[in-house]
Amino acid sequence: VVATLDSVLSLKQAVNAQVGKNLVGTFYPPVEVLADTAVLNTLPVREIRSGLCEVVKNALAIRPSMISFLAAELRPDGRYADDVLRWMIDESIAAKAQVTEHDKYERREGLVL
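At position 18 of the sequence shown (counting the first as 1) the number is 9 in the working numbering, and the numbers step up by one without a gap.
Rather than coming from a laboratory, the hints here were simulated on the basis of the structure.
Be a bit skeptical, because a hint or two may be false.
Claimed, not checked - Okay, the calculated beta carbon distance ranges per label pair:
1. Asn32 to Gln9: 29 to 35 angstroms
2. Val30 to Pro67: 30 to 36 angstroms
3. Asp73 to Pro20: 22 to 28 angstroms
4. Arg77 to Val10: 35 to 41 angstroms
5. Gln89 to Ala62: 17 to 23 angstroms
6. Tyr19 to Ile58: 29 to 35 angstroms
7. Arg54 to Val10: 28 to 34 angstroms
8. Gly16 to Ala72: 29 to 35 angstroms
Backbone N, C-alpha and C define an ideal beta-carbon position, used for all residues, glycine too.
Take the sequences, apply the hints, and build the full model.
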């Protein structure tokens, strides 16, 4: 789930190295990112929760209008209907697009990503 949310839109595509976070990578936008909610819902609950932390971060840092929906929809069991998970993914992508549109290299307001 984190990869689905974190690999989109940004020019910066990076992985962690032993010496630090996001130090190995490129500055090229992805051609396409596919998110299959049916597959995401087969992941262990721990992975889904981890990914949804990214959704909450995007809501708190970029798009507070998401918070009321998340407060109503976040579930302790970590299982979501496809339409709810799709909404969370779409809104997170839109929030990131809002930031990367003005800071493609994530050096100013894009640091929040």
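- [ ] Check each numbered hint against the structure and report the violated ones by number, ascending.
- [x] 2
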